[in-house]
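The chain contents come next:
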Amino acid sequence: MQLTQLTIDAARSSIQERTTTALALAEAHYAHIQKEDGQIGAYLTLCKERALEQADRIDRMAAEGKPLPSLGGVPVGIKDVMSTRGVRTTAGSKILGHYIPPYDCTAVARMEAAGAVVLGKTNCDEFAMGSSNENSAFGPVHNPRDPSRVPGGSSGGSAAAVAADMAVVALGSDTGGSIRQPASFCGVVGLMPTYGRVSRYGLIAFASSLDHIGPLSKTVKDAAIVLRAIAGRDPMDATSADLPVPDYAAEIEKPVRGLRLGVAKEYFGEGLDGEVRHAVESAIDKLKSLGCEIVPVSLPHTPYAIPTYYLIATAEASSNLARYDGVRYSYRAAGVKSLSEMYRRSRDEGFGAEVKRRIMLGTYALSAGYYDAYYLKAQKVRTLLTRDFEEAFRKVDAIVTPTSPTAAFRLGEKSNDPLAMYLADIYTVTADLAGIPGISIPCGETKEKLPIGLQILGKHFDESTILRVAHAYEQAA
Amino acid sequence: MKVTEKDVAYVADLANLDLTAEERSGMVRDLNSILDYVERLNELDTSNVAPMAQVSDRYGVDESTQGSGRFAYASREDVVEGLRKSLSQEVALQNAPDADGTFFRVPKVIER
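First to last, the protein sequences are chains R and Z. Those letters in the first sequence? Residues 2 to 478, by this note's numbering. Those letters in the second sequence? Residues 2 to 113, by this note's numbering.
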């Protein structure tokens, strides 16, 4: 097997047993990136020095016969919205084009503490705002399966890097579907943990009540191993939950027989592509044949999820993005004569079109006279959407749905119609609003050989069950 | 049309954006299209529904307590450099577009 096609356990144990080295593994990935990434555009910045230093540390541990930690020597990509000390972090935006963070994101620090070798920073939609990766200020990412198509977004670079063997796993972030939808489009596994499961410290904020960090990987087990490494209370993020972190890789081996899986008709309505529907229904049949009980459930407020999401996410974004003022660490326009002109011109020149659109929508929704009608209304509907899940989870252990209504669309297909682009997130945003965990796993292909994703949603802090169902399906498929 | 050119100019001002003439007319079109779609939220009666600002006060907290007590786990001693060392002046200034070694430098605020 090629060095760029290993799973986490295979990579770690070959280094431990000295059949390969962490250095060789990192070099093999860099060579592959050098050869392939010109066509794909998954990476924005490579940090070879940092990677090789870590690889050397792992190789010395292996040479001394010390047991390697769970990600020992595993080459990983990090979405460029997570701060990396000394390594440029852009959030896909010109406004942070030269930003070098003075500290590490907790999730990245935990990956490295578990032995991961960070190869570089992956491309993404600007400030994680987008569903196609076309909003990056540094150019789009192409889907490795078909370069004329998008990889999904906003974690498009992370999904493409894993799909094209340019990383064993990658970290992404999910605010409205940005881990699961690109995982679905690129044919990889993408896990969004429960809100509060993984610290957001050092994640460049988009919408703070909705932002989640999670892994994209080639197998469900790899996602389980990464989650364990990055999860758990972090004093630097007051919303990170103080709950024990299970051994997910052990949890996934438990049998799925007898689990009750909900199927909600609201996720199979108008707009769902026929081939996607067929693949997801076949996957549900497969889960039934594995002994799961399929239970119809209703999530009646689902049609209101997208408008709720776009009001709340943009309102929070308009506040979070106020910090880019051209003073402390962001782009400043040249030749400005007053402070006010400096703010405006720096932001005008530094932000891209979609980011400005969302700042405008969010500012409008929060402005005097409209706050109650838009922002407060959306917050109330958020309660209703969350109650839908609470009701459903009284009857079932997990809910299975399509991840996205279609397979990967073409570059440029939706880029002039913001609303059409927003609807690409129709099956993913509700989990972000409710704070529940969700995973997307491959469940077949269209006639054009494009991957289709199956989404499994779970109860708060019950990643174990969705990983278990995903693993059982993956093993059986 | 809910949103006019005038509204766009007002909101852009609040958001510290100028926007070109072309961007403004595009924004009028896009905001109206999105707000029309958002209108469907009014089909729901939410008069007796509490707003939800975040997830973290509902899950993973001490269920037996109320109010800020639910977040007791998140509090810490109020001490200088309690969680991490502060950034040094040099490090804090290293990403600044303009600094003089001690302060961030910005264009003149007061004209005289």
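No lab work stands behind these hints: they were computed from the structure. Heads up, a few of these hints could be off.
Okay, derived cross-link-like pairs now, DSS-like style, lysine-lysine, Cα gap no bigger than 25 Å in a straight line [what the hints assert, rightly or not]:
1. Lys109(Z) <-> Lys338(R)
2. Lys287(R) <-> Lys396(R)
3. Lys36(R) <-> Lys396(R)
4. Lys448(R) <-> Lys415(R)
5. Lys7(Z) <-> Lys381(R)
6. Lys95(R) <-> Lys396(R)
These numbers come from a predicted model, not from an experiment.
Hint-by-hint comparison with the structure:
1. Lys109(Z) <-> Lys338(R): 8 Å, holds
2. Lys287(R) <-> Lys396(R): 21 Å, holds
3. Lys36(R) <-> Lys396(R): 50 Å, violated
4. Lys448(R) <-> Lys415(R): 22 Å, holds
5. Lys7(Z) <-> Lys381(R): 29 Å, violated
6. Lys95(R) <-> Lys396(R): 48 Å, violated
Violated hints for the displayed structure, listed by number in ascending order: 3, 5, 6.
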